[in-house]
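Undergrad: Listed here are the chains, written in short residue letters.
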Amino acid sequence: MVTLPRRAGRLEEVSTEVVTPAASAVFAPRSRSGVALRVTPVDEVGLEARARTFTTRSIKTTSKRAAINLAISCIDLTTLEGMDTPGKVAALCRKAVRPDPANPGLPSVAAVCVYPQMVPAAVLHTTGTGVHVASVAGAFPSGQSSMAVRVADIEQAVADGADEIDIVISRGAFLSGDYRYVFNEIEAQKVACGPAHLKVILETGELGSYDQIRKASMLAMAAGADFIKTSTGKVAQNSSMPVALCMAEAIRDYADQTGEIVGLKVAGGIRTAKQAWHYLVLIAETLGTQWLTPDLFRIGASSLLNDLLLQIQKLDTGRYSGPNYVSVD
Amino acid sequence: MADEIEPANLSLTNVTFDLEYAPALESKSIVSIDKEYGLFIGGKFVEPKDGKKFVTVSPSTEEKLSQISSASAADVDRAVKAARKAHTEIWGRMSGRDRAKYLFRIARQLQERAREFAVLESIDGGKPIRESRDVDVPLAAAHFFYHAGWADKLEYAFPDRRIAPKGVVGQIIPWNFPLLMLAWKIAPALATGNTVVLKPAETTPLTALLFAQLLQDVDLPPGVVNIVTGAGATGSALVEHKDVDKLAFTGSTSVGKQIQRSAAARGLPLTLELGGKAAHIVFEDAALDQAVEGVINGIYFNQGHVCCAGSRLLVQESIADSFIDRLKNRMSTLRVGDPLDKNTDVGAINSSEQLGRITALVEAGVAEGAEIYQPSCALPAKGYWFRPTIFTNVQQSHRIAREEIFGPVLSVLTFRTPEEAVAKANDTQYGLSAGIWTEKGSKILWMADQLDAGVIWANTFNQFDPASPFGGYKESGFGREGGLQGLSAYVSLSSPRGAS
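Chains A and B supply the protein sequences, listed in that same order.
If you count the first sequence from 1, position 208 lands on 208 in the working numbering, and the numbers rise without skipping.
If you count the second sequence from 1, position 74 lands on 74 in the working numbering, and the numbers rise without skipping.
There may be inaccurate statements among the hints.
Below, a list of computed lysine to any residue pairs in the SDA-like style, where the Cα atoms sit at most 25 Å apart [said to hold, decoys possible]:
1. B:K342 to A:S209
2. A:K274 to B:D134
3. B:K28 to A:T55
4. B:K28 to A:S146
5. B:K328 to A:E260
6. B:K443 to A:S209
7. B:K440 to A:V26
8. B:K342 to A:F54
9. A:K60 to B:K440
10. A:K274 to B:P380
11. A:K60 to B:K443
12. B:K342 to A:V26
13. A:K64 to B:K440
14. B:K28 to B:G369
15. B:K328 to A:V26
16. B:K342 to B:E20
These are calculated hints, taken from the structure and not from any lab test.
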């Protein structure tokens with residue numbers, strides 16, 4: 001199994017000490033190495049205008065093929081339904097490993113993403129393939145459970161073999177200004193992850209403004225997130241280009257200020273190949289091409305994969321086929 | 001079960017990927033450029049009396065595009081006579097409602113043929129297709145729509161006044177926004193009942209000539225708009241002509257001064273939109289990433305060939321280093337090259353003369369001790385190109401902080417207090433535009449009050465709208481274009497009959 005590169009010393013340095021000030025409504029996070037983090041304000045109009053420019057980049061022919069391959073290799077192929085069964089997960093895993101059996105040259109996706117109960121099935125069908133198993137945990141998608149329950153949820157998923165954990169922050173605490181609570185909960189869940197990678201979902205659709213998203217991004221990174229992630233896919237507003245840009249800029253600032261590298265996962269509502277490469281362009285022009293790797297960029301999606309496969313078929317044959325020419329999962 | 005599964009294909013997954021944009025060229029096939037063009041006088045293309053022609057070239061390829069007629073004083077006289085006749089017989093007497101119909105028709109045609117105009121603008125002028133497609137052409141159409149709306153409502157624009165057109169107006173436009181400046185000039189003139197003789201810049205005549213063909217298509221009465229191509233001599237023939245009732249000029253300050261001298265001697269109404277050296281002021285409490293975008297857009301938009309370009313960055317000293325790092329970072333993503341490539345951000349310099357001017361001033365900047373930075377982007381072998389450039393360590397007394405470069409060159413200065421920012425921003429002969437970046441509203445209002453600039457943008461830059469008046473102070477000119485203020489330059493107002 002391919003292991004993701006890990007920031008040196010991160011786990012050893014986990015402190016139990018609270019580094020945010022006692023007055024928790026004051027937002028003044030510090031990184032683990034003690035760097036006081038600066039958070040710049042965000043101008044909504046300018047941010048959205050910049051985000052639009054990425055969507056006007058034109059990607060054709062050879063660039064398009066490379067972008068599609070990259071997008072496939074960055075997918076967290078996801079099923080998060082109450083009706084999920086081991087059978088459904090088996091099919092998903094098969095698709096994740098070999099997206100198109102007729103085209104063995106295509107890369108596998110980065111991971112399958114499932115509920116904790118489905119982790120054993122996912123592990124069974126991906127062991128030895130290099131495809132990671134990501135589990136949402138910690139009372140996903142609301143996060144509205146006690147810390148003990150959330151930590152137990154994560155520990156169980158990790159024990160069952162998940163090597164990536166997607167959690168969601170307590171938006172209620174964040175919006176009420178209790179940043180210390182949010183910091184502590186992320187830190188505790190990071191400890192519960194042990195060797196597994198932690199992706200922290202900000203649920204940006206519930207944070208109310210880009211300023212808040214930027215703040216939450218910094219807080220999550222300071223508290224130990226390996227990835228910050230936009231959305232659960234379970235609320236009305238999912239990932240969008242401005243939201244992703246806002247978070248990517250926070251990641252860049254965090255790297256500039258602390259030297260620590262954090263990844264970005266966008267999720268929810270990303271269904272077309274075109275949307276996927278808009279995000280790739282955003283990452284390339286904001287964070288640089290060194291972020292264009294599944295180790296640092298992920299797209300949480302389900303139907304996106306098939307659209308990418310259809311685009312590949314179009315490049316190969318010159319003709320558009322239809323949904324009947326790719327497997328449902 | 002797991003061992004039945006083939007191992008995943010990992011050959012691509014662990015390699016850092018360099019996202020390259022393949023060439024994405026906008027097709028030229030939509031445009032047909034004639035071998036040569038006549039002058040557009042009295043609704044027809046006519047040969048110049050002395051048969052003189054000059055060549056217009058594409059600045060991105062140095063390819064000769066077409067032979068353009070050079071209008072002599074005699075040709076200008078023909079054009080003014082045609083305009084006078086059209087004004088007396090048709091346009092000056094036409095109802096506002098009917099004039100509006102023509103303006104709406106022009107606006108709609110511009111939209112319908114938007115791609116054609118955008119491609120031609122990029123070929124002839126060197127600007128990226130992204131800008132001609134998304135800014136120049138849509139805004140030009142918007143100006144005609146806006147002024148079409150005023151044509152039958154002038155009594156509401158100027159209540160309790162008798163409103164009369166000036167008559168025949170002479171208009172001279174620059175090469176940086178050829179079609180857009182044409183729209184800024186022609187739309188208000190026609191809406192208010194004037195007829196026009198317009199001279200486009202000699203390096204970028206093609207969209208004006210295509211516009212002339214569009215006017216034939218929409219059946220605009222002959223002589224209402226006349227387009228005379230040529231260089232400085234054609235322009236001065238128009239300025240000196242005895243039967244012109246108003247002049248409007250957009251271009252360099254030195255030519256503007258000559259025109260003002262000539263117009264002043266005859267008491268001729270005049271509006272001038274001239275050079276600029278705008279200060280772009282960034283405070284430490286600004287939304288820094290968006291400020292970076294604003295600064296980049298402010299100076300590299302249209303290769304910096306923008307009179308209101310934010311060519312002086314004044315950044316608060318406390319954030320100067322990190323802000324400059326952010327700027328350099330962003331500059332490395334700018335793509336310089338073929339204007340017709342949809343991924344191009346910075347196109348070709350408009351002419352070899354302009355390239356020479358930019359190069360000379362940049363050399364002066366280096367000689368005076370400012371620190372130069374340019375990203376290492378490849379430039380095409382043919383054509384006129386200049387890398388996006390920033391100068392740091394610039395002093396207020398350096399030439400690059402005082403003279404208009406009109407190219408992709410940013411001079412960075414620092415300040416400590418808002419008062420110092422104002423003092424430095426206003427320390428220039430120009431006064432066209434300024435930009436303020438801070439999240440503090442009260443500071444924006446205070447700064448806007450102190451700055452000597454006709455246009456002030458707060459937390460944005462280079463935003464244009466036909467309803468918003470545009471123009472300068474000091475050596476940036478006088479008069480406004482756009483909005484009610486722009487309209488008023490094209491009408492004579494007097495007290496209504498019977499009023500005391």
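Undergrad: Each hint should be assessed against the structure and marked as holding or not.
TA: Checked hints:
Our distance criterion of 25 Å between C-alpha atoms is broken by B:K342 and A:S209, whose separation comes to about 32 Å. For a cut-off of 25 Å, the pair hint linking A:K274 to B:D134 stands: about 20 Å separates their Cα positions. A distance of roughly 23 Å separates the Cα atoms of B:K28 and A:T55; the hinted pair therefore holds under the 25 Å criterion. For the hint pairing B:K28 with A:S146, the CA-to-CA distance comes to about 64 Å; that exceeds 25 Å, so the pair is violated.
Annotation: proposed proximity of B:K328 to A:E260 holds, straight-line Cα distance about 21 Å (limit 25 Å). Under the criterion of a C-alpha separation no larger than 25 Å, the hint pairing B:K443 with A:S209 is consistent with the structure, at around 23 Å. Our distance criterion of 25 Å between C-alpha atoms is met by B:K440 and A:V26, whose separation comes to about 20 Å. As the CA atoms of B:K342 and A:F54 are separated by approximately 12 Å, the hinted pair is consistent with the 25 Å bound.
For the proposed pair A:K60 and B:K440, the alpha carbon gap of about 43 Å is over 25 Å, so the pair is violated. Proposed proximity of A:K274 and B:P380 is contradicted: the alpha carbons are some 29 Å apart, above 25 Å. A hinted pair counts as satisfied when its Cα atoms are at most 25 Å apart, and A:K60 with B:K443 does not qualify at roughly 46 Å. For the proposed pair B:K342 and A:V26, the alpha carbon gap of about 46 Å is over 25 Å, so the pair is violated.
Restraint check: the Cα-Cα separation between A:K64 and B:K440 comes to about 43 Å, which exceeds 25 Å; the hinted pair is violated. Taking the CA atoms of B:K28 and B:G369, the gap is about 44 Å. The hint is violated against a cut of 25 Å. Between B:K328 and A:V26, the direct Cα distance comes to roughly 33 Å. Violation of the 25 Å bound is thereby established for this hinted pair. At roughly 14 Å between alpha-carbon atoms, B:K342 and B:E20 fall within 25 Å of each other, so this suggested pair holds.
Checked against the numbered hints given earlier, this structure breaks hints 1, 4, 9, 10, 11, 12, 13, 14 and 15; the rest are met.
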